[in-house]
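Protein sequences appear in the order of chains A and B.
Residue numbers 1 to 230, in my numbering, belong to the letters of the first sequence in order.
Residue numbers 1 to 242, in my numbering, belong to the letters of the second sequence in order.
Because the hints were derived from the structure by calculation, they are not lab data.
Be a bit skeptical, because a hint or two may be false.
[Stated by the list, open to error] Simulated coverage check for chain B against chain A, where a stretch passes if three residues somewhere in it have a Cβ under 8 Å from a Cβ of chain A: (1) 35-42; (2) 50-61; (3) 111-118.
Beta carbons are placed, not taken as given, at the ideal position from N, Cα and C, and that holds for glycine.
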Amino acid sequence: MSESRHLRESIRNGLWRQNPGLAQILGLCPILAISTNMVNAVSLGLATVMAMTLSNLVVSGLRRWIAYEIRIPVFILIIAALVTVLDLAFNAYFHSLYLVLGIFIPLITTNCIVLARAEAYAAKNGLLESTVDGIAMGFGLVWVLALLGLLRELIGNGTLFSGIEMVFSGLEPISVFGDAYPGFLLAALPPGAFFILAGLIAAYNAINAHHATRVSPNPPPVQASVPPAA
Amino acid sequence: MTVPDPARTESSASSPGFFAKLPPALARALISAFGLFAFTLAFTSLMAFTYEMTRDRIQAAIDQQQMLLIGEVLPNLAYDNALLTDVIEAETSNENHVGKIWRARNGSAPVALVFETFAPDGYGGRINLIVSLDNEGRIGGVRVASHHETPGLGDYIDPAKDRKKEAPWIHQFSGADASATRWEVKKDGGNFDYHAGATISARAVTRAVGRAAAWVNARREALFAAPEGSRFSAEQGEGNKQ
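Kindly generate the complete structure, drawing on both the sequences and the hints.
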């Protein structure tokens, strides 16, 4: 496989075929906790992109020196150290952004998609491929988080983009159903996140099934390569 | 998740030199242990280095933020002293949780006390607060200096994150009497609202404000009299209570 085809494959895997939120179903704790509105969800997503890109880069660069038996503790060490450095750097140099994103950054350490990509991809591939994989997987997570946040916010509170004024001053949240909307608290609480995520996964599988029957008569099953975990 | 890679496992066992003389299992264990030690050392140094490099800037940013909050909790009260340097520090005990105390005066007349306190029992841990208390024993205002409450759920305690922009949750403390108020959320029989589904954050803040305000209120004169820059000990407070 040529270099550019390989990279295109990585991007397609991250954004759709092995999407961390919909196909691998990894790193659910932060996803479900943070996706109460779209701005928070995208903020966490972008922070994860940064952490995952960096950790894939470093793991890939050091992979020759990491003994097989101790790779998992070393990966966790690398991820935790990078997240700490990111947290401190943001706090010091982008303090206003840190006040918005800051609470999300330590949560990334608990997101096992970062460890999963270090183990399943970066430990076996070169610097460029691993970095691209980190970015693609990260943005795969971003769009799922954005959609989940959008739906939860819309159903739960009847608003869109609440909290946007914290990121871009001057912009205002949109009230879709007006002030009379009573709200539907379940959507904003963790069980609502599970229901809506389940709906998204069902839609994802339906699209894949539909696509597969149209493209070839006997379709290869679209399957997650990693077993589901929280 | 992954099948062990036989080629790699073999190679680490048959390392040359010193390790070759040892039994293979011991050699492997030693190589792993040294490897892990080296990585831990390297990445801990990286974190320590970053911490050292950023410490001053982070402290400066936090201080700046705090000054802003002090301005916000002192509404419409005229004072003419240098508030930021007229500061004492309370010796924090479990009873009060009060930290620095800034004293606003107008000439020689006491105007208000602004103090740091914290709620140790927020949903996400400690919630740091800035509170002001005027000379009639009423709360001037409360602000959250830092917190780790769940975004979109418990973070309404911070007015910047509160969806009700015209009447944020935290404003209900302004004007409350430190001694005559029941410092609990309504669910627990007190005077203060909370958001359904996120009671813990509201309860923690409400109790912390009440606890600290009562402590400061009981020692108001002693706190104003304490020399600038001094530490205010718990015993000193006891003596002035009567």
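Verification of the hints:
Counting residues of the stretch 35-42 of chain B whose CB lies closer than 8 Å to any CB of chain A gives 4, which reaches the minimum of 3, so the coverage claim holds. Check result for the stretch 50-61 of chain B against chain A: holds, 7 residues qualifying (beta carbon to beta carbon below 8 Å, three or more required). Given a C-beta distance limit of less than 8 Å, the hint that chain A covers the stretch 111-118 of chain B is violated, as 0 residues qualify and 3 are needed.
Taken one by one, the earlier hints fail for this structure only at number 3.
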